[in-house]
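Protein chains: 2
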Amino acid sequence: MNITVIPAAKDINESKIKDKIVLVIDVLRATSTIATALDNGAKKIIPVLNVQEAIDYKKSNPNYKIGGERNGIKQPGFDFGNSPLEYKEKIVKNETIVITTTNGTRAINHCKSAKKIILLSFLNLNSVNKIVQFEEDIVIICAGTNDLFSIDDGVCAGALIYNLRKNNNCKLGDMGLACLTLYENTRDNLHNLISKCHHYKVLENIGCQFDLEYCLKENTLNIVPIYKDGYFIKNEI
Amino acid sequence: MNITVIPAAKDINESKIKDKIVLVIDVLRATSTIATALDNGAKKIIPVLNVQEAIDYKKSNPNYKIGGERNGIKQPGFDFGNSPLEYKEKIVKNETIVITTTNGTRAINHCKSAKKIILLSFLNLNSVNKIVQFEEDIVIICAGTNDLFSIDDGVCAGALIYNLRKNNNCKLGDMGLACLTLYENTRDNLHNLISKCHHYKVLENIGCQFDLEYCLKENTLNIVPIYKDGYFIKNEI
Numbered sequence: 000m001n002i003t004v005i006p007a008a009k010d011i012n013e014s015k016i017k018d019k020i021v022l023v024i025d026v027l028r029a030t031s032t033i034a035t036a037l038d039n040g041a042k043k044i045i046p047v048l049n050v051q052e053a054i055d056y057k058k059s060n061p062n063y064k065i066g067g068e069r070n071g072i073k074q075p076g077f078d079f080g081n082s083p084l085e086y087k088e089k090i091v092k093n094e095t096i097v098i099t100t101t102n103g104t105r106a107i108n109h110c111k112s113a114k115k116i117i118l119l120s121f122l123n124l125n126s127v128n129k130i131v132q133f134e135e136d137i138v139i140i141c142a143g144t145n146d147l148f149s150i151d152d153g154v155c156a157g158a159l160i161y162n163l164r165k166n167n168n169c170k171l172g173d174m175g176l177a178c179l180t181l182y183e184n185t186r187d188n189l190h191n192l193i194s195k196c197h198h199y200k201v202l203e204n205i206g207c208q209f210d211l212e213y214c215l216k217e218n219t220l221n222i223v224p225i226y227k228d229g230y231f232i233k234n235e236i
Numbered sequence: 000m001n002i003t004v005i006p007a008a009k010d011i012n013e014s015k016i017k018d019k020i021v022l023v024i025d026v027l028r029a030t031s032t033i034a035t036a037l038d039n040g041a042k043k044i045i046p047v048l049n050v051q052e053a054i055d056y057k058k059s060n061p062n063y064k065i066g067g068e069r070n071g072i073k074q075p076g077f078d079f080g081n082s083p084l085e086y087k088e089k090i091v092k093n094e095t096i097v098i099t100t101t102n103g104t105r106a107i108n109h110c111k112s113a114k115k116i117i118l119l120s121f122l123n124l125n126s127v128n129k130i131v132q133f134e135e136d137i138v139i140i141c142a143g144t145n146d147l148f149s150i151d152d153g154v155c156a157g158a159l160i161y162n163l164r165k166n167n168n169c170k171l172g173d174m175g176l177a178c179l180t181l182y183e184n185t186r187d188n189l190h191n192l193i194s195k196c197h198h199y200k201v202l203e204n205i206g207c208q209f210d211l212e213y214c215l216k217e218n219t220l221n222i223v224p225i226y227k228d229g230y231f232i233k234n235e236i
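Quick mapping for you: the protein sequence lines, in order, are chains A and B.
Under numbering that gives the first Met the number 0, read the first sequence as residues 0 to 236, first letter to last.
Under numbering that gives the first Met the number 0, read the second sequence as residues 0 to 236, first letter to last.
Just so you know, the hints here were simulated from the structure itself, not pulled from any lab data.
Treat the hints with care, as some may be off.
Capping the alpha-carbon separation at 27 Å, the derived lysine-lysine pairs in DSS-like fashion look like this [what the hints assert, rightly or not]:
#: 1; chain 1: A; residue 1: K9; chain 2: B; residue 2: K73
#: 2; chain 1: A; residue 1: K170; chain 2: B; residue 2: K200
#: 3; chain 1: A; residue 1: K195; chain 2: B; residue 2: K15
#: 4; chain 1: B; residue 1: K73; chain 2: B; residue 2: K42
The task is simple: from the sequences and hints, build the whole structure.
Following this line, the structure appears as structure tokens:
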């Protein structure tokens with residue numbers, strides 16, 4: 000299996016992702032949040048690039064809910080922010096939710112020429128592993144933070160590679176090898192490494208401590224969000 | 000001290016380097032080679048972007064020597080390739096040498112608006128540490144390989160940060176933290192990690208095994224190449 004790891008959303012280009020199986024990671028918090036919303040029964044998640052686009056969706060479809068953030072904060076008129084803990088079953092069940100975030104949904108929207116888009120987070124590592132383990136090539140996209148590599152996403156990529164290597168001969172580029180090595184050497188205390196990263200501190204400063212604890216737990220959800228026809232649906236594993 | 004690590008030459012932009020103290024790393028092999036040539040007595044090293052530019056320099060200055068590579072290989076009409084082992088004292092002493100390489104001199108040439116350009120490799124880690132340890136901000140540029148992050152450069156950045164942190168309060172972004180963590184966890188057997196990286200294998204395949212061994216030794220040279228007025232000269236430490 001050939002595994003390519005792209006360090007940040009700005010590094011996505013057509014030649015790397017067209018017709019490929021693409022996994023997008025934004026641990027803090029978009030891909031953790033979308034997986035949680037779907038696990039709690041949301042029918043569809045529509046990822047969009049801009050706040051205005053989300054608002055326009057709701058104008059055309061008043062029964063849709065809209066969620067997401069800018070600078071980590073829920074936007075005026077939105078039903079949700081970007082905390083996975085807001086997307087509770089009693090609120091999201093059978094709902095269609097439009098989501099826009101600074102890094103995660105931007106990365107997703109740059110991948111539309113891929114053959115398949117799958118969302119990865121620590122929450123659904125094993126489930127994603129089961130779905131992709133027989134693929135010949137996968138491209139893992141770390142959404143990053145404001146165009147820069149983000150350790151939380153990189154270590155999550157490393158965690159998937161670590162698991163895939165148990166049953167596959169994985170060919171890695173240097174970024175993949177770096178992420179794998181980071182995970183291998185810190186997996187007994189991942190929270191310690193990730194708590195030093197920029198985006199972790201930003202979220203801690205705006206009071207998202209519970210989100211941080213939630214998003215760094217491995218394998219709490221048995222689902223994989225897969226993109227089709229403009230939205231993510233749940234694939235139970 | 001604020002330390003910014005830029006993962007590959009393509010990520011250099013004016014806003015990140017203008018008037019900054021910039022350290023360029025291309026462990027395999029440009030920054031190792033230039034340091035070696037200066038240590039062996041070369042008077043000046045002029046880094047240029049293109050093969051033709053190097054050839055033109057020699058036409059205008061027949062007493063100059065020219066060196067470098069494309070695809071790892073010495074170019075027709077050149078006096079040297081890019082192996083540090085070619086730049087022996089008896090050949091380079093008091094010579095002015097024009098060098099062009101695929102990644103290293105390209106990274107250097109993208110940094111011309113910096114306040115200072117310093118070349119770092121494993122060979123001169125301690126010497127560079129001594130020169131930069133009292134700076135407020137440094138920018139470390141991993142030249143990378145063909146626009147991608149290269150582990151050898153990243154781990155060398157991590158090695159410098161590891162040493163700087165002994166006497167400084169270093170503020171790191173995520174890329175710097177990743178490089179530091181890679182070095183901290185693999186420094187007892189660096190060769191093992193670096194031997195898995197793409198560029199190492201390319202050089203191994205074209206018969207550069209002795210270069211690889213040479214370039215991965217720490218602190219064999221007590222000099223720092225510093226750029227001024229279009230060329231590098233030796234600063235003995």
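So, going through the hints one by one against the coordinates:
1. A:K9 to B:K73: Between K9 of chain A and K73 of chain B the Cα gap is close to 34 Å, so the pair fails against 27 Å, i.e. violated.
2. A:K170 to B:K200: At roughly 13 Å apart (the allowed maximum being 27 Å), K200 of chain B and K170 of chain A satisfy the hint.
3. A:K195 to B:K15: Distance of about 22 Å is within 27 Å: holds.
4. B:K73 to B:K42: 21 Å, holds
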